[in-house]
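Read off the chains here:
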Amino acid sequence: MMNQISSVQSAQTCAHKPASDNAIKCVVWDLDNTLWHGVLSEDSKVTLRRNMPEIIKSLDRRGILQSIASKNDHDLAMAKLEEFGLDEYFLYPQINWDPKSSAVAAIAQAINIGIDTLAFIDDQPFEREEVKFSQPAVRCIDATQIDDLLEMPELQPRFITKDSEIRRRMYQSDIRRNGVENQFSGTKEEFLATLGMSFKMAPAGEEDLKRAEELTVRTHQLNTTGYTYSYQELDFFRTSPNHKLLVASLDDKYGTYGKIGLTLLECNQEAWTIKLLLMSCRVMSRGVGSIMINYLRLETRNKGLRLLAEIIPNERNRMMYITYKFAQFKEIEKQGDLVILENDQSQIQDYPDYVKVEISS
Amino acid sequence: MTTEVVKEKIRTFIQGYIQVPELKDDEDYFASRLVNSMFAMQLVLFVEKEFAVQVESEDLEISNFNSVNSISGLVARKNGVGHS
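Quick note, the sequences are listed as chains A and B, same order.
Reminder that position 64 of the first sequence reads as 64 in this note's numbering, one-by-one numbering, no gaps.
Reminder that position 53 of the second sequence reads as 414 in this note's numbering, one-by-one numbering, no gaps.
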């Protein structure tokens, strides 16, 4: 019944949903005569376009990522951006002499988002055409439209959460972390021990619901049932006496990962049933899902309750199925596609000693 | 592939992920640690790819993956050896 995932690669990259709406997740800027007036290689005294810092900072606060595709000398251009106080706003800037279609593709790949979620802004019709030809899914915008940019519906996210405001910084922490991990010579486990991780989980507050909805909508590979829940449904569960909605967050010495995990439990006198367990793909190598499950095992055992879990196995959430099975869950019932698992609570491990765990429910 | 070659490949893979100074073939490395999802997935994919077997839902028991011996036993069973 479970399809194979064909390569190890599929486990490492977190497949993204095809953009269900037109939302743009990353704006890629040209520099000469777009971000600034003038051509840097001809005039070192280029001046910023009107309102540019405000536009860049507004997009950043909305959680929209930004990058650069510019044909320029990399070091000179970055020094100029630094002079303007804007260098920190751009992820994976592509400043070189390659075609801009390669630049946008490299950016989408590095950030790990669908190329159809990118917008590219350039004053040169030639560059826009070149990108449009090779990457037709990229939204190409003429620099003359920059003044209207903040009003464009594609650049108005439905919600702006705390995690949106820090999204770019979370990516930057990831870049530093990944750099260290790639250089690290020990085992994965030894690397995790160097991170100084701190895991927290608590009942969702009203302020967590937007992020919770975003997590259910954005995450499917690590979602045990594939169900998505609306803000209203989540709010109902949050306040229902028969349910628990718990939200998890993770921090380490490089910074915060934000709210990265969610679980929905149905609770009665006899058992807790995990209706939904999901985590952000950014933390799938961090053991967060196992910590959540371990907590539920300990808590139900202490209360003398059974622990059940619902899962709809498919080729995309195989990792969650394996996580459950390796955490001593066994299949006890099938209802169509839905599989019910029950936990054997006889042997429960401690939390890893390299993670500080604080949980309340 | 001899059993010893299979075991050596398994040991090398495991030791890239978890700290076990001298991994014994019957050592249950999951007894004392939580399994992270990524490692569990990578372990299953490693077995499928390296030994060209398909791990089915019913094979996904921790007892098939918790030691070098149990993985090599699973591989042998999936390849139709080990049964008389």
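Please note that a few of the clues may not be correct.
Straight-line alpha carbon distances no greater than 25 Å define the calculated DMTMM-like cross-link-like pairs of lysine to aspartate or glutamate that follow [unchecked claim]:
no.: 1; chain 1: B; residue 1: K368; chain 2: A; residue 2: E190
no.: 2; chain 1: A; residue 1: K188; chain 2: B; residue 2: E369
no.: 3; chain 1: B; residue 1: K410; chain 2: B; residue 2: D387
Derived coverage of chain B by chain A (criterion: at least 3 residues anywhere in the stretch with Cβ under 8 Å from a Cβ of chain A; other residues may be distant) [claimed, not checked]:
no.: 4; segment: 382-390
no.: 5; segment: 417-425
no.: 6; segment: 430-438
Hints were generated in silico from the structure; no laboratory data involved.
Even for Gly, the Cβ is constructed at its ideal location relative to N, Cα and C.
Status of each hint after checking the structure:
1. B:K368 to A:E190: Roughly 23 Å between the alpha carbons, so the hint for B:K368 and A:E190 holds.
2. A:K188 to B:E369: With a Cα-Cα distance of about 19 Å, the restraint between A:K188 and B:E369 holds, given a limit of 25 Å.
3. B:K410 to B:D387: holds (23 Å)
4. 382-390: With 0 residues closer than 8 Å to chain A, the segment 382-390 of chain B misses the three-residue bar; violated.
5. 417-425: holds (count 5)
6. 430-438: violated (count 0)
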